[in-house]
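Number of protein chains: 2
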Amino acid sequence: MQRATFEAPLHLRSGAQLGPYTLVYETYGQLNAARSNAVLVCHALNASHHVAGRYADAPDNVGWWDNLVGPGKPLDTDRFFVIGVNNLGSCFGSTGPTHTNPATGQPWGADFPVVTVEDWVAAQARLIDHLGITRLAAVLGGSLGGMQAQAWALAHPERVAHCVVVASAPHLSTQNIAFNEVARRAIVTDPDFHDGHFYAHGVVPARGLRVARMIGHITYLSDDAMEAKFGRAFQGAQEPGYSTQNIEFQVESYLRHQGEKFAGYFDANTYLLITRALDYFDPARAHGGSLARAYAQARGVEFLVVSFSTDWRFSPLRSREIVKALVDNHARVSYAEIDAPHGHDAFLLDDARYHGVMRAYFERVAGQLA
Amino acid sequence: MQRATFEAPLHLRSGAQLGPYTLVYETYGQLNAARSNAVLVCHALNASHHVAGRYADAPDNVGWWDNLVGPGKPLDTDRFFVIGVNNLGSCFGSTGPTHTNPATGQPWGADFPVVTVEDWVAAQARLIDHLGITRLAAVLGGSLGGMQAQAWALAHPERVAHCVVVASAPHLSTQNIAFNEVARRAIVTDPDFHDGHFYAHGVVPARGLRVARMIGHITYLSDDAMEAKFGRAFQGAQEPGYSTQNIEFQVESYLRHQGEKFAGYFDANTYLLITRALDYFDPARAHGGSLARAYAQARGVEFLVVSFSTDWRFSPLRSREIVKALVDNHARVSYAEIDAPHGHDAFLLDDARYHGVMRAYFERVAGQLA
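Residue numbers (our numbering), protein chains in the order written: chain A, 1 to 370; chain B, 371 to 740.
Simulated from the structure, these hints should not be mistaken for lab results.
Which bits of chain B does chain A cover? Going by a derived footprint, with three or more residues having C-beta under 8 Å, they are:
id : region
1  : 572-583
2  : 597-609
No farther apart than 30 Å at their CA atoms in a straight line, the calculated lysine-lysine pairs in the BS3-like style are these:
id : chain 1 : residue 1 : chain 2 : residue 2
3  : A       : Lys324    : B       : Lys599
4  : A       : Lys229    : B       : Lys694
5  : B       : Lys599    : B       : Lys631
6  : A       : Lys229    : A       : Lys261
Note that the Cβ used here is the ideal one computed from N, Cα and C, for glycine as well.
Please model the complete structure; the sequences and the hints are all you need to start from.
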């Protein structure tokens, strides 16, 4: 893990300024002499800069996209210089709500400024400058990471050769926003939230975080994948125990476990910030709702868009909206709709057809390197 | 509203006994001389015995299925004697968690016995006895009510001429159970739940109830219906306000309002009981998982099954499972899949094609009356 601190304040979409700020990041592979082989990987809700590999002192801590990124892998770090960066507002090292607000000397908490996908990209661009990279061979992300990849192509088309958007959408649907809002309400109304200043009370709003994560997991999995994994099986029993509060079904045990785990490591204020960044992302809005007009800004960037058949969080229809906007602009775009059973989570899994598409695309990107 | 008290205890599926118990109910229309024109309407999660009409002293309190049930309506109370009954465990009058536990002299709270769909039907059957009705012209229900209608046909086929199952399923999917579980965890982990004995503390677990209801509303509406109703419109503004806690999008205002309203009138222990009744319903389980074998018990009953194209809570595929099990048994079954945009909520709405199907079916039932 490395860190870079930027003294000049960042002007945020909200009108607020943030700075100095620090970004933590990791890199894999070697930057070539022409500085032309850099690929930026943007993370989604609960991930970080730790994209690939294992730490010597924590060998169980495998990078979140390690099946895709590494030597000989579809995004081959023998050929590319891959950068994983943690976003502003996170709880994994970059400047965020758990850090000290210079104005008060206390943790930012809920006073951390609201950051948008575009703000993250602006911060990332400074990191790319700092690394001496003028133009990225590719920017890549899944889900919320795919929104950052889109925002890169829209804000800095001259700095991005290829944009790879996986399991993403051009904006959240009303239902997506609704699920985010329920999760936020669960957190904010937890008495241990203390208006976002729970650090001073030595507690975390664990109840709210658990509920938020349980909702999340339902939307990450397909109905069929849940059915196949848990069905209606009882937890350690053949017959119902007739209880409203005990665990009865295996799926309940799974969800409670996921909730408990999440509440143990994730920051509640970060959760609020990141879900809001998701809600706000909507590049078409500044163009009268026309995504095609928005994508006119991405001139010269080549795209790969990937979706998964059973993803009901960001369904293939949402990816096709992006593809259509690109086609309307006569952009170069490849589109793959992968028939996979795992729902939204598929983008993190090692599916042969999916990884085959990614490998082929990055081979093409490598072939174009200066 | 009328009430009937039953002295003999009810033997519940869980092995517990409940009694004496009281059911509150309403009737509409006149029982004919042959006592052959009775139709029982079973309610879903948050409804009650108040199926149709308005109360003289509360004219805004319209019955929950008033668009379907009344003089000249699809279920015509000029021809049928319609019975609406409130289920055990409810908070609308029948014996439930807010009532006194005779063993303690305190409200039952979380100690109210777990009741199943089959238990409800057993209790309802006694009410039908009490009303002097041997055989129902029809039993009718939507969603969870449709599960009760199914359980009637399976437990008492000789007492049911027609079974009308609307927007229902032969059992909850894993995803359905998962949503119920998240809602329950939100309630149970609310500090104001007090292990289900919050009445004594003069509080209600309003935070949990709000979250539960918000989740519910997302699953009742189709993605498209939410999109059409709210889209991504901001609440009273053209631009985002950049806040994680304030209402930004209209859909958030809607959900918060629904949650607030629900927390003001619904009992948390009832919510737990009713969602568990949903979870447990699975008539195929006692038949090695074969719904067809289960439905062999419903000999002689005629069925109407109705589903709605955009219902993702209980999709048309779930209704087709019921239809297939009936066809496998050479039962008489009509099936209508209504193309309607409103999702699960469609079963409560006045849709011309839907109500046309219901009217035609009940005319057929009326034509068969003795």
